[in-house]
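Student: So you can see what is in the structure, the chains are spelled out below.
Protein chains: 2
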Amino acid sequence: MTQRELAKEGTVSPQIQQAAQAEDIAPELILQGLADGTTVLPANINHVSGGRGLASRLLLLAPPRAIGRGLRTKVNANIGTSPDFGSMDTELEKLRVAVEYGADAVMDLSTGPDIPGIRRAILANSPVPIGTVPVYQAAAQAMESRGAIVDMTADDLFAAIGEQAEDGVDFITVHCGITLSSLERLKRQRRVTDVVSRGGSFLIGWMLHNGKENPLYEQYDRLLEIARQYDVTLSLGDGMRPGSLADATDRAQIEELIVLGELVERAWEAGVQVMVEGPGHMSLDQIAANVQLEKKLCRGAPFYVLGPLVTDIGAGYDHITAAIGGTVAAAAGADFLCYVTPSEHLGLPDPEDVKVGVIASRLAGHAADIVKGVKGAAEQDLQMARARKRLDWEAQARLSLDPKHSREAHSQHKTESGACSMCGKFCAMDLMEKYLGVTANRC
Amino acid sequence: MTQRELAKEGTVSPQIQQAAQAEDIAPELILQGLADGTTVLPANINHVSGGRGLASRLLLLAPPRAIGRGLRTKVNANIGTSPDFGSMDTELEKLRVAVEYGADAVMDLSTGPDIPGIRRAILANSPVPIGTVPVYQAAAQAMESRGAIVDMTADDLFAAIGEQAEDGVDFITVHCGITLSSLERLKRQRRVTDVVSRGGSFLIGWMLHNGKENPLYEQYDRLLEIARQYDVTLSLGDGMRPGSLADATDRAQIEELIVLGELVERAWEAGVQVMVEGPGHMSLDQIAANVQLEKKLCRGAPFYVLGPLVTDIGAGYDHITAAIGGTVAAAAGADFLCYVTPSEHLGLPDPEDVKVGVIASRLAGHAADIVKGVKGAAEQDLQMARARKRLDWEAQARLSLDPKHSREAHSQHKTESGACSMCGKFCAMDLMEKYLGVTANRC
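Residue numbers (this note's numbering), protein chains in the order written: chain A, 47 to 489; chain B, 47 to 489.
One should not assume that every hint holds.
Note that the list lumps identical chains together, so a pair holds whenever it fits in one copy or between two copies.
No more than 20 Å apart at the CA atoms, straight line, and that leaves these computed lysine to aspartate or glutamate pairs for EDC-like [said to hold, decoys possible]: (1) K342 to D296; (2) K460 to E311; (3) K233 to D476; (4) K421 to E69; (5) K471 to E230; (6) K471 to D160; (7) K480 to D438; (8) K341 to E311; (9) K471 to D197; (10) K342 to E301; (11) K421 to D331; (12) K233 to E479; (13) K233 to E301; (14) K421 to D296; (15) K342 to D267; (16) K258 to E271.
Rather than coming from a laboratory, the hints here were simulated on the basis of the structure.
Sequences and hints are given; from them, build the entire structure.
Tutor: In structure tokens, the structure reads:
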């Protein structure tokens, strides 16, 4: 039985228990969310039952992550090879860095050589849920064995999905909402950047070349069957996500979202966990409306956003562009943030990019959790404020998102007073303690 | 006559002309804003008339910057020594970096040795408007010559202001809204982080120790006289700005803002240009309300915000925390963003911190300008989107906020196809061009 099916019959699974404990909330909150569809708990049965290699048993498994309404905003980090760069060692190092800096989930987006091998190594070494985009493997293998992506068969695609589900992948991005009908909408829309979803472009290329409907849409029940068997959470991909501000919130994007809403209900009926992916490039003022639209059209299914990136010109600094949009999206109700690294739009990220990307997204999620009223979020800031008032630098470092960096940066410039090198003897905290002194007993 | 007085009598000054040209707008828009107070154009007459040293004549002077309603959101970079760190050379290097990466103004916040010497060097070398906080000099000199900040006299303070105005400083932060009355409000508020404004803490310490009213409030007309004589733009400081989320939008902060609103009107009556400073640490959901409050209480005077920082726990990454808040603030109407660097809450920034801080703030301002509908903002993104679609990497670099970095990062990992190393032969742009091919003639 899937976590959704268990929840619907009122069973508090060990995964629900652990996920609730990790957030210090009642298991019933997660149970309720799983049952009504506003929460997912990605946990492939082959992951849970120990389908992983030796390496994972040496690691402390992180508690399962529940993603949804009322819960802490979660952060995903994308890693994986490209055809030209990346290696097993580098991707495992990126996995390690992502987990060390607090990613709640990791997606392996490998498109280079030996996709199955890299995926299995990542699964074997990851203490957090792993997501993939199976069409990458199907497309890459079709290119290799049949000469072109467009020569992929529907069976190839479902074979890749089945293989990955069996391997223990916890959630998969499937671009089921691209249909022959939405493709016509796309053409009539006349976009500036057409389609920037890699998986979306594979499927659209295939559909246009073969003149056939998207197998993920046409054979959606076949997909649901696999997902239910292994309790793979479906992440309904937004192949029509805008790749530029000019294309945001257009008819192609919203048409796809309507289709995804219908597919969410079919997944629920089949007992399958499901979330919905969202933009993308989008100006700040459209973000809240997009979140509301997803929540309404998809009946409250968790919303998993990439960014949103609030400007197109941030190359080199798109972790910031995405943190801006991500904070606003999460504060408006988005549940899951896909990080963006400083190398977005420039090249494949390296481990340092992964670190910075994770921290920027966690910062966004945390700032939103304060607004959402998530348990413990504002409390952490209050503790930090009190540590600052006390000039307690160790507590400040401990409470920060990157304790190691905080310690290093502060200790670089010691001053004679307890203050930092920004103000030294002119520290406002110090001065106020002396002249105002009203807070000493409260901190 | 000040720029405000000139505007009120309908004179399009050379500064208005140049500022309008820089933004490709009608001079009348700036003239109208200066006359009704919604715009400032910081331009000390001793700056404009060439009161600077040889170095400035060797530099191309940047056009004057108008700050206010309907105009591009401007960015300020803080530099300056602390008692323990920083030097003439380092500060001039920070100035160079700030200007190179696009700061519209620079504030010299030096509190180390020889404050006047550093300021004059910065003024002599800066192509952009320079701001200061004169109470720093008065306090540091009082500590040196009289033994303590609290032994500073009101005359000391006005002497520092007069000296800096004569030197050519374009705008000064003056914490005029701290009054004995608002201090009582502060005490009754029982804050977590009391007062984190350095200048504010100097004045509050002085007021509490001496049991006297704030000279900047009590002798506001004396301040206005100096400001009018040199056309120094007053930046009414928020000494009560919240230093933690817990203290945001509290009675002390809003009481001070009410006082500043009254002082804005008195400045206008005296022909003096004036803007208002704002928070600070503040959760995302309070930002728009704070901007509206400033605009209402201060009758539309330009709003100059520090951040806002949307969480307290971002040490090491507070340029991101501030970019999030800054985007939302500017989109809601804030006119001028004071950058925050990655070293905020940890120590004095170095030139690399200055670079990153300026870029993060420019990114925030730009993302907001798209929402504000500022001329040319969305157009830049559209050009970028078209360059991406064409896989034109040189145009992408040129249109980005940091062209040098974009070129370097992209060229690090060349692929055989024209695509970047993220997707290589699986580039969505490429695939769509082949199969969809609808946009070729539009880009």
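Student: Any of the earlier hints contradicted here, and which numbers?
Tutor: Per hint list: 2, 5, 14, 15, 16 violated.
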